[in-house]
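K.L.:
Residue-level listing of the chains:
2 protein chains.
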Amino acid sequence: MKRVNVALLGLGTVGTGTYKMLQSNQDVIARKTGTLFEVRRILVRDLTKKRKVEGVKHLLTTRFEDVLDAGVQVVIEAMGGIEPTRTYVMKAIEAGCHVVTANKELIAKHGVELEQLARGKGVQLLYEASVGGGIPVLGTLQHLLKANRIHKVSGIVNGTCNYILTQMSEYGRSFDSVLAEAQEKGYAEADPTADVEGFDSAHKLAILCRLAFGVDVAVDDIPRKGITDITVAELEIARRLGYSIKLLAQAEQYGEEGPVALQVAPTLVPLSHPLSGVRGVYNAIHVEGDVVQDVTLVGQGAGEQPTGSAVVEDLCNVYRLPALRAASLRRPMILPAGEESGIQFLLIETEEVLAADVADKWKADLLDTGIQVLDALIYPDHGRSHAAFLVRNWEPRLVSVLPVEWEVSIKRIITRPVLAASVAQEEKEVVSAGSVS
Amino acid sequence: MKRVNVALLGLGTVGTGTYKMLQSNQDVIARKTGTLFEVRRILVRDLTKKRKVEGVKHLLTTRFEDVLDAGVQVVIEAMGGIEPTRTYVMKAIEAGCHVVTANKELIAKHGVELEQLARGKGVQLLYEASVGGGIPVLGTLQHLLKANRIHKVSGIVNGTCNYILTQMSEYGRSFDSVLAEAQEKGYAEADPTADVEGFDSAHKLAILCRLAFGVDVAVDDIPRKGITDITVAELEIARRLGYSIKLLAQAEQYGEEGPVALQVAPTLVPLSHPLSGVRGVYNAIHVEGDVVQDVTLVGQGAGEQPTGSAVVEDLCNVYRLPALRAASLRRPMILPAGEESGIQFLLIETEEVLAADVADKWKADLLDTGIQVLDALIYPDHGRSHAAFLVRNWEPRLVSVLPVEWEVSIKRIITRPVLAASVAQEEKEVVSAGSVS
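Quick mapping for you: the protein sequence lines, in order, are chains A and B. Read left to right, the first sequence gives residues 1 to 437 (UniProt numbering). Read left to right, the second sequence gives residues 1 to 437 (UniProt numbering).
Simulated from the structure, these hints should not be mistaken for laboratory data. Do not rely on the hints blindly, as some may be mistaken.
[Said to hold, decoys possible] Restraint-style ranges between C-beta atoms, simulated for each label pair:
1) B/Pro-259 / A/Glu-113: 45 to 53 Å
2) B/Glu-256 / A/Ile-82: 35 to 43 Å
3) A/Val-53 / B/Glu-256: 19 to 27 Å
4) A/Gly-34 / B/Thr-62: 42 to 50 Å
5) A/Ile-82 / B/Asp-220: 53 to 61 Å
By construction, the Cβ of each residue, glycine as well, lies at the ideal position given by its N, Cα and C atoms.
Same shape as in the complex, but just chain A:
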């Protein structure tokens, strides 16, 4: 039996989940990998804090130097944040340790340099837990779909936002009320900005782009829109038009060396699309490859257990699966968001009540200006109205023209991207005799 000594940086949610699984599943791991992993040191900030795991007191230290002195071969980083985490990870790599991390922000912002450092030292840097929690999407892209040209990745990668949108949509509760309750219950952070404004999703999208397309995208270059302006009425209107609204992180590459269109935004997802029914804190990633066509992975995107599972699976793979290829990553040309999508959702909230037949009149007006309208709906809402359209060739400048032309008081006009129907919806007749089974 091979023995591997491990250090943990941090004993919060992820660290605790990791430690627990290494104890509870030691027998499975030993049987499947022939390796015994032993935690030899745990870096914490506070030695006196009450811990959720027993028998770790003698392992705790507040000094990073103690970690490297403990003779460990793998350092598991479960601290989060950029500093001092980044410095510790670099020191661990320089000391010849493999590193496993769940830190999406660190990997999104400094992953490329850390990987170069790791390659130079001949060690592995693995970060499955940084995207989609327990969902093994990075391993799938790297090992199980590598002969495919991946051209599109679309994901629900923030459980807090998906929980809020699911509660709003299924129980008609307002954004503020769900968020407040989520904060009270500990589902959402006291400062929810990173989640609800889409920063967290952008971090994960940058990581997905690296694995899927082999390109290096700066987080700041990803057009990003949060979910704070979504109303229950809008969710209901979308549903009536045949869509759910999800905070979607999308990336599409046009040709292997071509530009990449990126976007984190509330997006209309056709109800029959595999991503549409993903509820609550669940995450899901939809991957399109040139030969496999599409594969969707669904699972729990966060929490002590799923994230701990992803960390431990990575730990086992340090010694089993080959490292990332050594090619340096290209900085791709980034296309403006939305330019590539054919259909948009146009929502006009008016201060007055609109008659149902206004839809037809406005539809005709839009058509006159070259906007193709695929569907339209007038939705009354407490003495006001929403006029909703699915349009093609939308012109943003029309936002300033329409209210004048239509002589209505417009409270706001929103446009949102619409995800194209999946292959499943198109029911393509690609399957030849006897092959469907």
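Dock chain B against chain A, hints included.
P.N.:
Same frame as chain A, but now just chain B:
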């Protein structure tokens, strides 16, 4: 650049998809794996048959001996069937070749002996394409969820059945009419028995059990029921109760060395479960592990491209990923089907029209005999009726008692298993502060 010579056995749907991908994605494969795979020989039955790929004439042979003489390191088996396929695969392994196959029947029935042979010879036997087409479920179980104790696997693994049920459910078409059209279009075989009676799903379930639980299940030991008796009315009734009906292959293990409950049967799946919305020819596998909780993989379960993709991904992994552990597989105790499931769907078709309040009376009668009724529905259907119940503690012997007691002419009584709600539905409050993201 490493060079690997490959032989193809068969140039039907799978063989053609494999050959095409090895041509079209040669550059991607070379870049990612550092290996050039070259097809050196293709075994076919008929040299004169028109082929869907160009420039292969000089590679074709009808003699298996020519394949082994071609100096190949990997044999890709894409012939299907048991003989002479099994003999060829054994000869290839004995000659020291790695084997990649898409043949679910061969692997379900003879996989264990073939794997032993391969281990003895120090070569790999890979068969990702045999379950779920392009969905990398076997690789996921083997490499990306191996530190978890997998305790349950539920899958929609037959695209023909899922296509038929989707068409019946969404367009109200009869089983016979969808099947006839599917046969005409080439979606279903002239003899659809293997698909619609669940044999194909049972083969795949046996393979999943091997990878998920490390047990050796004989295909004949899997209780199996097909989809031929499902009606449009039943699908509609299930929908009104909050379920879709899917042909589900399910396996659950009770404890690591414990018994296994197995079943292929039309099963009610809660509409909010990740498997419920899987439409058309799509396949999906829901995996439950002790730490990761649940992961669902969705994708195209058949067709030239997805299946070819799975074969080629396997081919690349022959030289990259470690082989299966050498442990010999245990024959588990098999539990009778259905015994383990708490809730059942009970559908009673009567020859007469029932009043809506009959539901309450019958519900009370069922309760008197110890059957707990969770939901009930009377559904009129062309001068007849269906009475539907979701029950707990169902007693099969009641089927002969109830008609007499209720004084109605009963056309038929069906019971079906009901899949438990997924973790997502239960909305468990497991997620602690700041961990949902």
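K.L.:
Which numbered hints does this structure break?
P.N.:
Violated hints: none; all satisfied.
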